[in-house]
Structures are given as structure tokens and as C-alpha cells.
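Enquirer: Residue numbering for the sequence shown follows my numbering, starting at 68 and increasing by one per position.
Check each hint, because a few of them may be wrong.
[Unchecked claim] With a straight-line cut-off of 16 Å between C-alpha atoms, the simulated EDC-like cross-links for lysine to aspartate or glutamate are:
1) 163 <-> 192
2) 143 <-> 221
3) 92 <-> 107
4) 239 <-> 208
5) 255 <-> 110
6) 70 <-> 278
7) 70 <-> 221
[Said to hold, decoys possible] Cβ pair distances, simulated, as ranges:
8) 115 <-> 263: 44 to 52 Å
9) 254 <-> 101: 43 to 51 Å
10) 121 <-> 267: 17 to 25 Å
11) 202 <-> 176: 16 to 24 Å
12) 134 <-> 259: 29 to 37 Å
Just so you know, these hints were derived from the structure itself, not from any lab.
The model shown is predicted, which means the values in this text are computed figures rather than measured ones.
Glycine included, every Cβ here is placed at the ideal spot set by N, Cα and C.
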Amino acid sequence: MQKIILFDLDGTLIEGTIPIVEGFKNVFKHFDTNIPTDKEIKDLIGHPVPIMMSAFGVAKNDITKYREQYTIEYRKLAHHTTLIEFGAEAINFASKFARLGVVTTKTSAGSKPLLKKLGVVDFFDVIIGADDVDNLKPHKEPIEKALKHFDNVELQNCWMIGDTSLDLQSAKNAGINSAGVLSGYANKAILKKHSSNIFLNSYDAVKYIKES
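All chains, full assembly: derive it from the sequences and hints.
Expert: This is how it looks when you write it as C-alpha cells:
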């Protein structure tokens, strides 16, 4: 039975720290409010934007306008986004033995053109983002929705690769295998709490999955 591999984006397949960090800082500059530090922003990358805004002290009634401004600021800086080291190798190798998808807390509306610009969008059968679900990672819904796009799914042959605990918890909640990678925003100790499969990068994870 063919394997299915779902990838997170930021910190797993793409390097987008600059547009995220600078985008957030520019939002707070725009509204003339206290600007979070680079570390504070990086520590929350992978979480939905509204949750990050709330953590930085944005009032509930203001989150929508802050999120809309973030979209504007992010798009100005999106050209800084690249495939992460070994990201291209991971995608190419995985496509030789598995069906591929993306599950991200970014919007799919924003992720699809980004992946097209990076030259890899056609490798993925499905891209599920924040605009496709009611419940984001660590809930199981994003993964379950992604798997509905594949035929003859056997959960034991399905994998989620990600760099945060949210990715690994979502995999567990959906009943599929997980692989954590150290190329992103969480350390090994945190990831080990949620998966026994931890690798330096997504390419190493894919090589393990092929042999599993």
C-alpha cells in the first residue's frame, strides 16, 4: 500500500522567518503598540495568527484588523521565503514512493501561490490551511480533511512531518504516524514528548519513512 506523507510548511519545508517576524513587528508599528521581540515571535511560529496576536496582548475585538494588516505586511515580505535546506530533496524523494500533501496553519489561499513560486506546488495532491477548517492543529480535523483527498487510506501508512508539537499532536489525534524535525522552531526535548521519531530535517525523516 502506498504511503501518504503530509508536510507542515514553516520550519519543515520552507524558511520564512523573515516575513513572519518582520511582518508581525510591522503590524505593531502600524498600530503604534508595543512591538514583540524576535524571540517572542519565533517562539510562537506555527500557531494560528489570531492566537499569536492574542499572546502579544491584542484585544479580542482588535484581532481581525491586526490579522488583516499582518496579511498585507507578510505579502510585502513573502519574496524572502525560500525552500528550507534539504526541503527540495525531501519533496523529490518522497514523491517517488508516496502521495504528498500539506497541512499548515497558514491559509491555503496564501500557501498555494507561495509553493508555486518555489516550484513545488505540483508535487502535492492537497493543501489544507487555516481557511479550510474550523479547528486548527493540534486538532485532528486538518489531517483528516487532507486524508479525504486520497483513496484507500490506511492510517498505519500515513505520516505527518512537522517541526512543532502542534504537528505531532495533530498526527496523534488523527491516529497517524508522526516525525518531528529540528530544522524549525521547537527543540528536541519538546518534540520528544510527542513523537519517538525525531530527525535533523525533513529529508532524513522521509528516508526513514521509506524504510519503515
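Enquirer: Can you list which hints this structure breaks, lowest number first?
Expert: The structure breaks hints 2, 8, 9 and 10; every other hint is satisfied.
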